[in-house]
Amino acid sequence: MVLLKNGTVETDLYTDVSSADKLPEKGAILVSLTQWQDQGDALTKRLDALGIVLQSDEKPEHIANDLAHFDVIALEFPTFNDGRAYSYARLLRERYNYQGELRAVGDVLLEQLHFMHRVGFNSFNIQSKNAIKDWEVAAADISIWYQPSSDNRTPVIKLRHDN
Amino acid sequence: MYRYDEFDARLVTERVEQFRRQAQRRLSGELTEDQFKPLRLMNGLYLQLHAYMMRINIPYGALSSKQMRQLAHIARTYDKGYGHFTTRQNIQYNWIQLKNVPDALADLAAVEMHGIQSSGNCIRNTTSDQYAGVARDELEDPRVYCEIIRQWSTLHPEFSFLPRKFKIAVTGSPNDRAAVKLHDIGLRMHQNEQGKTGFEVIVGGGQGRTPFVGKTIRDWLAPEHLLSYLEAILRVYNLDGRRDNKYKARIKILVHQIGTDEFRRLVDTEWQQIKDGALNLPQSEIDRINAYFTPPAYAQIDDETESLNEQRTQNPAFDAWVQANLAEHKVSGYSIVNISLKSPKLPPGDVTAVQMDALADLADEYSFSELRVNHRQNLVLADVPQKDLLSLWTKLIELDLATPNIGLISDIIACPGLDYCALANARSIPLAQEIHQRFQDIDKVHDIGELTINISGCMNACGHHHVGHIGILGVDKRGKEFYQFTLGGSSDQNASLGDRTGKGFPADEAVNAVEKILNTYIMVRNDGERFLETYRRVGMKPFKEALYGSA
Ligand code: SF4
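Line order of the protein sequences matches chains R and S.
Residues in the first sequence are numbered from 33 upward in steps of one, following my numbering.
Residues in the second sequence are numbered from 173 upward in steps of one, following my numbering.
Think of the hints as simulated: they come from the structure by calculation, not from any bench.
Please note: incorrect hints may appear among the correct ones.
Unchecked claim - Have a look at the derived ranges for each label pair, beta carbon to beta carbon:
1. R/E93 - S/A282: 17 to 25 Å
2. S/R175 - R/H94: 44 to 52 Å
3. R/L191 - S/K368: 26 to 34 Å
4. S/G674 - R/E93: 44 to 52 Å
5. R/N129 - S/K368: 48 to 56 Å
Unchecked claim - Below, computed lysine to aspartate or glutamate pairings styled on DMTMM-like, alpha-carbon distance capped at 20 Å:
6. R/K190 - S/D459
7. R/K91 - S/D412
8. S/K559 - S/D474
For clarity, every value in this text was computed on a predicted model and none was experimentally measured.
From the three backbone atoms N, C-alpha and C, an ideal C-beta is built for every residue, glycine too.
All chains, full assembly: derive it from the sequences and hints.
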C-alpha cells in the first residue's frame, strides 16, 4: 500500500488508531468518528497532527463544525462500488469549505482516481507498483469534463461559451 | 439531430483508447475478470453465458442513416449479422469477442456513438418520445433537454457508483409516449400559469420486482434550474439510497420508505444550497443545443388525402398498414411511419445487418436521413412525404418490415426469456410468436384494436408486464413453466400497474387465456371503447369469470 498525494508518493506519517482501544500520547494519528465524539477534548489538546476516518455510513455533517481540528480527513470505500464518499467529498469541499488533505482509503481502484480527484480527493491509499505512473495515466485518460465539480478543471460549457 | 462538437468527439475517442488499454490488460492476464468487471460494465460490456454482450446507446432514440449503416457494419464484422433493439432505445450485440470490442467501439466513435454508462449503477441513456419534434400534440422538443442531460450525466464523477442503475425520461407532449411515470426520474414539459415552459418532476417510478408509478415532487421547474435540481435528487439518492440489498436499492424504494413529502423536503433542502450556482443552464447553451434540432427543410405540400385514399381502396394490405403504422405529422403532407420489428419470423426487436443497411437507404430516400428507435422495440421514419408512402411500403414489404401491427395485439414487448436469459422462469419469445399466430385475422385484430401485451420471463420485469394492458409473467411451478396474467396496466400519462387475475396457466393454456380475456372484452365493451377503458370501467370480475369459471 502506498500513499499517493498530489501526484507524488509520500510516506504516510499517520498511524491509523481508529480501531485501537487506547490513543497514543504522541505522533500523528487517524481516529474514528466515535473516538472524536467521545474524546474530542483530549484529542484537541495533543500537539501532533490529527486526522479522522469516516466510514461510508458516516456523513460529514457530523464533523462540519470541527473541520479546523483536522489535518486529514480520510473517507473509507468499503467496496469500490459504494459511492457515497464521492458525495461526502464534494460536500466537504464545496459546502463546508474544507481545505486540508482529503484522503481516499479502502477499496480504491486505479481507474477511480480520476473521478475521486474530480470530487476533491487529493490523496489516495492505493495498491500499486508504480503509483506515480498510474496516477499520470489516470489523470490524463480523459481531458473533457461536462460537469462543474470540486476540482478546478474547466467544464465544457464554459469552454464553449466564454470566448 | 445533435452533432458532436470537438469536445464531445474528443471525450468519446479518449474513452475508447482508455478501454483499449484496459481490455489489453485483461487479455494479457494483468487484470482478473473480477477487476475487469467494473471497467467493462462502465462501457456497456456484459459477460453472458457464452459470450460478451455489448450494449450501445442510441441517445433518446435518434439515429442517422450513417449511424445505422455503422450498426450494420458492427453486426456483420464483429457479431453474427444482427443486432437487437431494446426497450431502452439501445442496441445490443450478443456475440461479440473481447478482443474485437475496442475496434468496434472505435468504429462507433467515428459516427458519434458509444456504450458509456449503458450498464452499471450510474445514470443510463436518457430516453424520450419517438415522435419528438414531429408530433402534433408536442409543446416543446424534449430532445434538447435529453441532450443537455446526456452531457451532464456523462462521466459524472459523483454519480458513477450509485446504489443502483438510474434512468431518466423526458416527454414534451401531454400524451406520454416515453413512459415518464415509470422511470427513476420522469420529466414532463408543460406550461405554467405565465405561459412559460418547464418541467413537472416525477420520481420513483419503476418496474422490476416492486413496481411503482412515480410521484410528482415538483409541479413546475424552470429549465435554467434543470441540472441543479437533478443534481440535488441524485445527491440525496446517492447518500440515502439503500445499499444493503440490490432489490431494494432503486430510488423508488427510498421514496416509498421515507415518503414523497420527506423525499421532496430533502431534495429541496439540498437544492437551495446549489441552486443558482455553476450548474445554472445559460440560455446560450439551451439555444446552442436547440439549433441542432431545427426542423428539416419540409416541402410546402398539402395532405394527400385523396390520392392516398385511392391507393388504400385499391390495396387492402397497404390500407391495413396505413391504418396501423402511421401517426399524424405536425406538418401537412407528411406522415410519421412506424416500422414494426414484430414480424412473426424474428424475435421482437431483432434486425439483421441487411435490414439495417436497407433501412438506412430508406431513411436517405424518404425521411431526411434519420431514424428513431422507440421503447416498444420498433423503429420510426419520422418525416415521410405522403406521396411516397406507397413506394416506401412496397420496399418495406420486401424487407419483411411492413408488419401492420403497431399498437395492436401482436405488437408485443417480450424480454429474451428462457431462450437467452439465465434468470428466466419461462420462455417469452415463443409465447409472443404463438399469440401472433393465433391472432392473424386482420379484421379481428383491428376489431380488438389498441392493445399492448407485455411478457416478462421472470419477476425482474424486463418485458414490462406490469404496464401491459395485458401483462404476462413467467413463473416456475415445480419445474414447469407457468404464466400469470395482469390486466389494466399502462405506461402513458395515466400510468397504472396491472392487477393479477388469479392463479397462473401452464404454457399450453396461455394463449387460450389471452383469447378468453379478449372475447370477454368484445362481449362487454361499449361502442368504440378500447380494452384498457373497458377494463377500467368494468373491473376484474367478468374477466375472472371467463378465465376461472364463476365460483
Ligand atoms: S425479465 Fe427475467 S427472464 Fe426476462 S430478461 Fe429480465 S431477467 Fe431475464
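Structure-based check of all given hints:
Restraint check, R/E93 to S/A282: a C-beta distance of roughly 47 Å breaks the suggested window 17 to 25 Å. Checking the proposed 44 to 52 Å range against S/R175 and R/H94 shows it holds: the Cβ atoms sit about 48 Å from each other. Under the hint 26 to 34 Å, the C-beta atoms of R/L191 and S/K368, about 29 Å apart, fit the expected range. Evaluation of the 44 to 52 Å hint for S/G674 and R/E93 yields a pass: the beta carbon distance comes to about 50 Å.
For the pair R/N129 and S/K368, the beta carbons lie near 35 Å from each other, so the given range of 48 to 56 Å is not met. Between R/K190 and S/D459 the alpha-carbon distance is near 15 Å, which keeps this suggested pair within the 20 Å criterion. Between R/K91 and S/D412 the alpha-carbon distance is near 10 Å, which keeps this suggested pair within the 20 Å criterion. With a C-alpha separation of about 10 Å, the suggested pairing of S/K559 with S/D474 holds against the 20 Å cut-off.
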